[in-house]
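Asker: Position chain F relative to chain D; hints supplied.
Respectively, the protein sequence lines represent chains D and F.
Following the numbering used here, the residues of the first sequence are numbered contiguously, the last one being 235.
Following the numbering used here, the residues of the second sequence are numbered contiguously, the last one being 109.
Please note: incorrect hints may appear among the correct ones.
A partial selection of chain D residues facing chain F, derived with a Cβ cut-off under 8 Å [said to hold, decoys possible]:
1. R121
2. S122
3. S202
Please keep in mind that the hints were generated in silico from the structure rather than gathered at the bench.
No experiment lies behind these values; they were computed from the predicted model shown.
All C-beta atoms, glycine included, are put in the ideal place defined by N, C-alpha and C.
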Amino acid sequence: MSTRDSVEGLVGRVVAGDETAGDLLVAAMRPLVSGMARRFEGRVSRADLEQAGMVGLLQAARRFDPTNGTPFGGYAAPFVMGEMLACVRQLAGPVRMPRSLNESRGITTTAIEELTATLGRSPNVDEIAAHTALDHDAVLEALRARMALAPVALDDLREHELGLHDDGLRTVEQRLDLGAQLERLDPRSRQVVMLRFGLELSQREIASRLGISQMHVSRLLRGALAVLADDDSSA
Amino acid sequence: MDMRAHTVRAHLSAAAPQTDVLVPLALVTGARAGLSVEQIDDLAMAIELLVRHRPRVDRHAVFAVDQGQIKVALTGIDAEWVERRGQMLAVLVSDVNVAPTEVVLRVDA
Chain D
1 MSTRDSVEGL
11 VGRVVAGDET
21 AGDLLVAAMR
31 PLVSGMARRF
41 EGRVSRADLE
51 QAGMVGLLQA
61 ARRFDPTNGT
71 PFGGYAAPFV
81 MGEMLACVRQ
91 LAGPVRMPRS
101 LNESRGITTT
111 AIEELTATLG
121 RSPNVDEIAA
131 HTALDHDAVL
141 EALRARMALA
151 PVALDDLREH
161 ELGLHDDGLR
171 TVEQRLDLGA
181 QLERLDPRSR
191 QVVMLRFGLE
201 LSQREIASRL
211 GISQMHVSRL
221 LRGALAVLAD
231 DDSSA
Chain F
1 MDMRAHTVRA
11 HLSAAAPQTD
21 VLVPLALVTG
31 ARAGLSVEQI
41 DDLAMAIELL
51 VRHRPRVDRH
61 AVFAVDQGQI
71 KVALTGIDAE
81 WVERRGQMLA
91 VLVSDVNVAP
101 TEVVLRVDA
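Bound conformation, chain D alone (with noise of 0.2 Å):
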């Protein structure tokens, strides 16, 4: 059996709810885990960024689709970059957040993802705070730190990693009739704006097709409206 078969064989078993499996697919992924990490060491610790990129190590597990013969380390590496920029910018930036409100967030993201896949769905407050325990002020404390989290920052992405090519967004560009303001964005930016308003996709099937997170989704969006309602201010 090849690496890449044990690997993927594990991602199966992760899906199928084999909590050893689990431990057997970080263990088996920790090389390329490492190596991402060393791109942001020195800004927050190796360890910090390592557990980060096993959350989206285990994001990708839960999504990956074996039939589409995509390698599960090439599917896997956006997942992991997404929960590392996250972590960098949530310790290395100004401000931090208090541990226990930093622990609520984590727990509900995970949840967010879990209820997400379980009803096809967003899951509303309520839902949250049932699948999680947490109290509902809990949970919307956590939400609130969510969403102060900072936009992405351009230079952390590698846009090359993550595919931008796609002809039938052009067409879309043309009928959003943002004219000379869309290539004030970053390539990446430029595409989730236009899946987003001009296809109409929800957070939710962007991350889905471009193999990010609801969350990343989030951070690119609101950065690009930042972009945007500046841009062509009148006030």
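Answerer: This is chain F only, laid out in the frame that chain D set:
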């Protein structure tokens, strides 16, 4: 700020950090209306889009929550600009109603 049973009213001065006030209000009232996390996020983005376009004006905001629905009325908007950005706003919320002095966003859970 006046918070009655299902309505929150806020008056924001031009110097206030308006999105820092309005986004948490959208979160709390959106949760009360039963919106999903993604709907709340989209509503917050719509509000940010409107406020950031004209950030330094006195503004009134009213968040009216009814079962399964929220309406957010904002004054101090640029109606012409909102009309131009109507397609984007319509993607973020269920309905956009533009009047000369205010815009009303509606989201149905």
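Asker: Return the numbers of the hints above that this structure violates; sort them in rising order.
Answerer: No numbers; nothing is violated.
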